[in-house]
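Novice: Those protein sequences? They're chains A and B, same order as listed.
Taking the working numbering, the leading residue of the first sequence gets 98, the next gets one more, and so forth.
Taking the working numbering, the leading residue of the second sequence gets 13, the next gets one more, and so forth.
It is worth saying that the hints were derived from the structure and are not from the lab.
The model shown is predicted, which means the values in this text are computed figures rather than measured ones.
Backbone N, C-alpha and C define an ideal beta-carbon position, used for all residues, glycine too.
Among the clues, some could well be false.
Simulated DEER-style distance windows between Cβ atoms [as the list claims (entries may be wrong)]: (1) B/L80 / A/N189: 38 to 44 Å; (2) A/T132 / B/N38: 19 to 25 Å; (3) B/I69 / A/K198: 48 to 54 Å; (4) B/D72 / A/K220: 38 to 44 Å; (5) A/S136 / B/S96: 58 to 64 Å; (6) A/K220 / B/N47: 28 to 34 Å.
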Amino acid sequence: MIGKTILESLPYQPPFLFVDELTKITDNGVTGNYTFKESEYFYRGHFKDYPVTPGVILIEVMAQIGLVCLGIYLLREKFSDIKKPQIALTSNNIDFFLPVKPKQRVNVVSEKIYFRFNKLKCKVQLFNEKNQLVCKGDISGMLKINDKK
Amino acid sequence: MTREKLITSLQKIVKPYIQDQIAFENLNEETDFINDLKINSANLIDIILDLEDEFDIEIDDESMENMLSVKSAIDIIENKLAES
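With the rest of the complex left out, here is chain A:
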């Protein structure tokens, strides 16, 4: 229920929305997933005749689920239809272990390190369908509620 509200509040839309479902969300972390469609625009170029999900897109999945969804949840009391969150990625440090192919589902597990002065920093891991670690690292971003319409 709360997960659905958060998804509706996300400032993204296809082809750059990378959250299908949130399975758990608390003040300390979030778990959610996304399934890569065969038709995703980036597979046409990454790579020629050999589609593999780009690392930057995996970071985007981790940031949208692990940081933005969690941030909206943490700011839920200040949030309303007329007040949209302003967000900006500020840093990330990710290690990659396995590739992700089209039609694979990935599961993101994010733990809050801190949320202070509008900066959210999380330890984020991304797993494939076999529950193997694909990539992990720390991601930080700034989130605040814009008072203007």
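Put chain B on the given structure of chain A with help from the hints.
Specialist: Below, chain B without anything else, positioned relative to chain A:
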């Protein structure tokens, strides 16, 4: 703790985040974190969290918004240390 000692501790804490080496070498009370040292606002928050740990103080939102220069940071730390 003297003001000079505070500045020395502050200097150690800001070092990993500075983007302007010359401004850092010439650091004084008038140095501005964003305009002189070219630190971004996200890293400024890390500096404030490091200062909290270093001096065992808690910095509130209002103080944080004023912590834009070496002078204002030192003033705030001195006040917090005096309170505790």
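Novice: Would you mind marking each hint as holding or not holding in the structure?
Specialist: Hint check results:
no., hint, verdict
1, B/L80 / A/N189: 38 to 44 Å, "violated (26 Å)"
2, A/T132 / B/N38: 19 to 25 Å, "violated (54 Å)"
3, B/I69 / A/K198: 48 to 54 Å, "holds (50 Å)"
4, B/D72 / A/K220: 38 to 44 Å, "violated (26 Å)"
5, A/S136 / B/S96: 58 to 64 Å, "holds (60 Å)"
6, A/K220 / B/N47: 28 to 34 Å, "holds (32 Å)"
Hints 1, 2, 4 from the earlier list are contradicted by this structure; the remaining hints agree with it.
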